[in-house]
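K.L.:
What follows is each chain in one-letter form.
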Amino acid sequence: MRVLLVLISCCLICISCSTNRTASKLSNSKRVEERTPLFKEGLNEAVFRGSISIYKHYFSGIFALKQEADNKYRMVLMSEVGMTLFDMSFTLDTYHLNYCIEPIRKKSLFKLMHQDFLLLVHAPKQEDLKFKNEAEAISKYQKNESRDFYFYENELMQKIDSKGFFNRIHIEFNEQENGVSNSIQIQHWPIKLKMELKRMK
Amino acid sequence: MNRIYIKALLCFGFVFCLSTSKGKAQNFTLVKDVEAVQMEINKVASSIETIKSRFVQEKHLSFMTEAIVSEGLFRFKKENQLRWEYTQPFEYLILFNGDKIIIKDKNKTNQFDANSNAVFRQINDLMLGAIKGDLGKNKDFEMSLKESAKQYLLTLNPQNEALKAYVSGVEIRFEKTDLAVSSIKMIESTGDFTDIRFENREFNTIIDESTFSPN
Numbered sequence: 004m005r006v007l008l009v010l011i012s013c014c015l016i017c018i019s020c021s022t023n024r025t026a027s028k029l030s031n032s033k034r035v036e037e038r039t040p041l042f043k044e045g046l047n048e049a050v051f052r053g054s055i056s057i058y059k060h061y062f063s064g065i066f067a068l069k070q071e072a073d074n075k076y077r078m079v080l081m082s083e084v085g086m087t088l089f090d091m092s093f094t095l096d097t098y099h100l101n102y103c104i105e106p107i108r109k110k111s112l113f114k115l116m117h118q119d120f121l122l123l124v125h126a127p128k129q130e131d132l133k134f135k136n137e138a139e140a141i142s143k144y145q146k147n148e149s150r151d152f153y154f155y156e157n158e159l160m161q162k163i164d165s166k167g168f169f170n171r172i173h174i175e176f177n178e179q180e181n182g183v184s185n186s187i188q189i190q191h192w193p194i195k196l197k198m199e200l201k202r203m204k
Numbered sequence: 007m008n009r010i011y012i013k014a015l016l017c018f019g020f021v022f023c024l025s026t027s028k029g030k031a032q033n034f035t036l037v038k039d040v041e042a043v044q045m046e047i048n049k050v051a052s053s054i055e056t057i058k059s060r061f062v063q064e065k066h067l068s069f070m071t072e073a074i075v076s077e078g079l080f081r082f083k084k085e086n087q088l089r090w091e092y093t094q095p096f097e098y099l100i101l102f103n104g105d106k107i108i109i110k111d112k113n114k115t116n117q118f119d120a121n122s123n124a125v126f127r128q129i130n131d132l133m134l135g136a137i138k139g140d141l142g143k144n145k146d147f148e149m150s151l152k153e154s155a156k157q158y159l160l161t162l163n164p165q166n167e168a169l170k171a172y173v174s175g176v177e178i179r180f181e182k183t184d185l186a187v188s189s190i191k192m193i194e195s196t197g198d199f200t201d202i203r204f205e206n207r208e209f210n211t212i213i214d215e216s217t218f219s220p221n
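Keeping their order, the protein sequence lines are chains A and B.
Offset between the first sequence (1-based) and our numbering: plus 3.
Offset between the second sequence (1-based) and our numbering: plus 6.
Simulated from the structure, these hints should not be mistaken for lab results.
A couple of the hints might just be wrong.
Said to hold, decoys possible - Which residues of chain B face chain A? A partial, calculated answer using Cβ under 10 Å:
#1 V50
#2 I54
#3 K58
#4 D198
What the hints assert, rightly or not - Simulated crosslink set (DSSO-like; lysine-lysine; CA at most 27 Å straight-line):
#5 K170(B) with K162(A)
#6 K84(B) with K59(A)
#7 K114(A) with K146(A)
#8 K156(B) with K114(B)
#9 K114(B) with K204(A)
#10 K109(A) with K156(B)
Glycine included, every Cβ here is placed at the ideal spot set by N, Cα and C.
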């Protein structure tokens, strides 16, 4: 019996040590900024000139985006000539259409938009990220309990890959200056939806 | 999605023809002899063959702290040719040439038939009507005319449901000095609005036909 207890204790110690080694490998070795490069420092709103192509259709307009409260946002897309095409409020869980012209009142389109803009505005907390790859200049992390992958260079977010079962989203924050991106590209697969945003302010 | 372009152009039309600023309107009083003023405006408008102008467009969204401002060059040539050339903060071109509407940005050029959408047709007619001075004949809008010391203010409220979905009111301002359109404001059902001011206006100068082609 004493021998058995010693054996069990040894086994527990071994398992415990092994678990610690694994945890060490997965811990983040770098700090990253817990924000996306979307809003300029001190501001909670941004304006972009944007274009959207979906399958064979293409249109352009102006996106105005504002953080109204913690995890509450509002976004308007208008034509270049000023006409509001849609006005959407959204939180992490849901969205609400305040206004939308009839031709684009498509639930599936806004579901995708909600996903996209959530990724754009909401950065994961450091503790929610699992380190995946440090070999490259750009470090790759995976958000816990998700198939969302975040890429950072010098602590700043550069790319996001969200690998859903039916839909993959790829976001690139290009032309970064003082921690904000002046050119953002959003692309979906296999849905042929692509958005390009150029900062106006 | 091509319809989106057409709908987007509605705004353009509206912006050109409509608006209502309660704040500014407080300084205005109803015109007593509307017909006489309308005749005056129509007379001036009918004498205008071309317009060259700079424009400044401001989009006011209730939830944003600042207006979104863009600007460019405007050209009009009788009977029905318009050129809106946005130069700041991005380049964008809209041409109306007869029944053709052409939109050009850095990536694409798209062409539409103005007759392909009934609402758009109404807007297009309204827009040209504002320039040509026959607005009073438009039955799609209820009209009221006010004046201040310096301006006339024509307020238009859409009467049919299709138009109301896009705009709740439009104001067109005419300077008393020349009786030509100086600004247009379009108010949406949400209360957000777009204001376009025309600056450095020149009338009846020579404008080449090529101005109204995209190349």
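K.L.:
Next, verify each hint and record whether it holds.
P.N.:
Comparing the hints with the structure gives:
1. This hint is violated: V50(B) has a C-beta 26 Å from the nearest C-beta of chain A, more than the 10 Å allowed.
2. Interface restraint check for I54(B): the shortest CB-CB distance to chain A comes to about 22 Å, outside 10 Å, so the restraint is violated.
3. The closest approach between the C-beta of K58(B) and any C-beta of chain A is roughly 19 Å, which is over the 10 Å cut-off, so the hint fails.
4. Given the 10 Å rule on beta carbons, the hint for D198(B) holds: about 6 Å separates it from the nearest Cβ of chain A.
5. Restraint check for K170(B) and K162(A): not satisfied, since their Cα atoms lie roughly 42 Å apart, outside the 27 Å limit.
6. The suggested pairing of K84(B) with K59(A) is violated, with an alpha-carbon distance near 35 Å, which exceeds 27 Å.
7. Restraint check: the Cα-Cα separation between K114(A) and K146(A) comes to about 21 Å, which is no more than 27 Å; the hinted pair holds.
8. Of the supplied pair hints, the one linking K156(B) and K114(B) is violated, its CA atoms being roughly 42 Å apart against a limit of 27 Å.
9. As the CA atoms of K114(B) and K204(A) are separated by approximately 24 Å, the hinted pair is consistent with the 27 Å bound.
10. Of the supplied pair hints, the one linking K109(A) and K156(B) is violated, its CA atoms being roughly 47 Å apart against a limit of 27 Å.
Violated hints for the displayed structure, listed by number in ascending order: 1, 2, 3, 5, 6, 8 and 10.
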